[in-house]
Every structure is written in C-alpha cells, then in structure tokens.
Amino acid sequence: DGGITQSPKYLFRKEGQNVTLSCEQNLNHDAMYWYRQDPGQGLRLIYYSQIVNDFQKGDIAEGYSVSREKKESFPLTVTSAQKNPTAFYLCASSSRLAGVYNEQFFGPGTRLTVL
Amino acid sequence: AQKVTQAQTEISVVEKEDVTLDCVYETRDTTYYLFWYKQPPSGELVFLIRRNSFDEQNEISGRYSWNFQKSTSSFNFTITASQVVDSAVYFCALSEAERNAGNMLTFGGGTRLMVKP
Chain A
2 DGGITQSPKY
12 LFRKEGQNVT
22 LSCEQNLNHD
32 AMYWYRQDPG
42 QGLRLIYYSQ
52 IVNDFQKGDI
62 AEGYSVSREK
72 KESFPLTVTS
82 AQKNPTAFYL
92 CASSSRLAGV
102 YNEQFFGPGT
112 RLTVL
Chain B
65 AQKVTQAQTE
75 ISVVEKEDVT
85 LDCVYETRDT
95 TYYLFWYKQP
105 PSGELVFLIR
115 RNSFDEQNEI
125 SGRYSWNFQK
135 STSSFNFTIT
145 ASQVVDSAVY
155 FCALSEAERN
165 AGNMLTFGGG
175 TRLMVKP
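Just so you know, the protein sequences line up as chains A and B, in that order. Letter by letter, the first sequence follows residues 2 to 116 in our numbering. Letter by letter, the second sequence follows residues 65 to 181 in our numbering.
I should point out that these hints are in silico values taken from the structure, not numbers from a laboratory. Careful, some of the hints might be misleading.
As the list claims (entries may be wrong) - Pair by pair, the computed Cβ-Cβ distance ranges are: (1) Ala65(B) - Lys84(A): 21 to 29 Å; (2) Leu116(A) - Asn116(B): 24 to 32 Å; (3) Ile124(B) - Arg112(A): 19 to 27 Å; (4) Pro105(B) - Asn29(A): 23 to 31 Å; (5) Pro9(A) - Ile75(B): 31 to 39 Å; (6) Ala71(B) - Thr21(A): 32 to 40 Å; (7) Pro9(A) - Ala65(B): 33 to 41 Å; (8) Ala62(A) - Asn131(B): 30 to 38 Å; (9) Thr95(B) - Gly4(A): 27 to 35 Å; (10) Thr21(A) - Ser125(B): 19 to 27 Å.
Only a predicted model underlies this, so the values are computations on that prediction, with no experimental measurement involved. In this text, a Cβ means the ideal position worked out from N, Cα and C, and glycines have one as well.
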C-alpha cells in the first residue's frame with residue numbers, strides 16, 4: 002500500500018534536547034512538506050522540499066531543520082532553539098505533472114510534548 | 065498576501081440535517097487552487113477536493129457538494145443528510161500557482177463539525 006508514514010506517533014522530549022521526527026513516503030512524490038498544528042488552529046508550513054538535496058523555509062522555520070537526502074524521506078529536527086515545540090506535526094507529499102503540483106497527501110502525524 | 069478565512073469555528077447539528085461550511089479566500093493571483101480537507105479525531109488530514117480557479121462549476125460527490133464563486137471569493141462546502149461519521153474538523157486551503165512554485169498551502173483556521181445522533 003502506498004502512503005506516508007510518520008514515526009513516532011507520540012514523542013516526549015525534555016527541554017533543551019533536539020529531537021528528530023521521521024517522515025517516509027512510497028508514493029514516488031517529488032515534493033514533501035512539514036506542517037505544525039497547534040490546538041484549535043490551522044496548519045502552518047515549517048519547511049518544504051521540491052527535489053532531493055533542496056529545501057526551502059516556510060512561514061515558521063525558526064528552531065527547526067530538515068534534510069532531503071533521499072526522495073522518499075524528509076526528516077524534521079526540532080532543535081532546542083524552538084521556544085514552544087509542543088504541537089502536532091504533520092508531514093505531506095505531492096506529485097507534480099507538467100509543472101503543476103497536485104494535491105498534498107498527509108501522514109498520520111506526530112504529537113510532540115516537551116516536558 | 066494570500067489568506068483563507070473560515071469564520072465558523074464550531075458547528076453542531078443533529079444527524080440528517082444539512083450543513084454548510086463557509087470558506088472565504090484572498091489572493092492576487094489569477095491562477096490558484098482551492099482545497100478542502102477533513103481531519104477526523106485520529107488527526108490525519110484526508111483530502112476531499114481540489115478546484116482550480118478557472119473551473120467554477122459546482123461539484124457533487126455523494127452527500128458532499130462544493131459551491132465555488134469567484135465573485136465573492138468563496139468556496140463553500142455542504143454536507144447533505146449529515147451523519148455522525150462526518151464529525152471532524154474541516155479545513156479549507158489555498159495554493160497560489162503564479163507565486164508559489166512549491167505548491168505551498170495556506171490553511172484556514174478550520175471548522176469543527178459535531179453531528180449528534
């Protein structure tokens with residue numbers, strides 16, 4: 002079955018620690034995205050990547066870092082510089098056809114709690 | 065700048081009632097895409113529909129229908145004969161094609177729909 006997997010589903014972190022969230026897709030999609038969702042709010046874009054070895058900052062990139070070494074993988078690191086990291090993190094991917102991106106498909110999310 | 069507004073934060077209906085979720089957007093592009101996603105309690109966003117700015121035809125898919133009106137910059141979503149399984153948070157989103165090579169989505173704040181039996 003094709004899809005997007007995120008792990009872990011729940012993650013607890015102590016203040017001052019870096020933590021990496023995994024996102025893998027087997028849809029052969031070119032583009033991948035990371036969003037953050039706070040309770041009762043919409044999604045905000047953290048980073049996105051259109052091709053391997055390239056990525057761009059979104060609206061709220063401060064305190065986060067990413068890498069895109071393989072087409073199917075787009076891990077997100079939440080660093081200690083992120084002041085309020087407790088949130089629900091969603092990864093998405095989309096395909097591209099004739100220069101036009103299609104809709105984004107989302108993974109099940111990772112809920113990060115900083116203790 | 066692009067913006068999506070979902071003025072209804074919560075809606076509560078009784079099963080079998082029809083319900084309309086409002087979405088108003090702002091963009092300076094002439095080519096753009098509009099989306100609706102459903103977020104059930106599990107958290108994963110489920111894609112419902114994608115519409116491009118040149119196609120104003122209304123769309124119906126089973127109990128779901130969408131009304132796109134460029135004149136009022138609205139893309140409303142109606143559920144007919146609602147069911148308890150429709151309870152979720154629904155998001156409207158916008159992607160500007162001209163300024164947005166990366167297909168970034170701007171989301172509205174979401175509308176929480178509660179369907180009571």
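- Message: I'd like to know which numbered hints this structure contradicts. Please list them from smallest to largest.
- Response: Going through the list in order, the structure violates hints 2, 3, 10 and respects the others.
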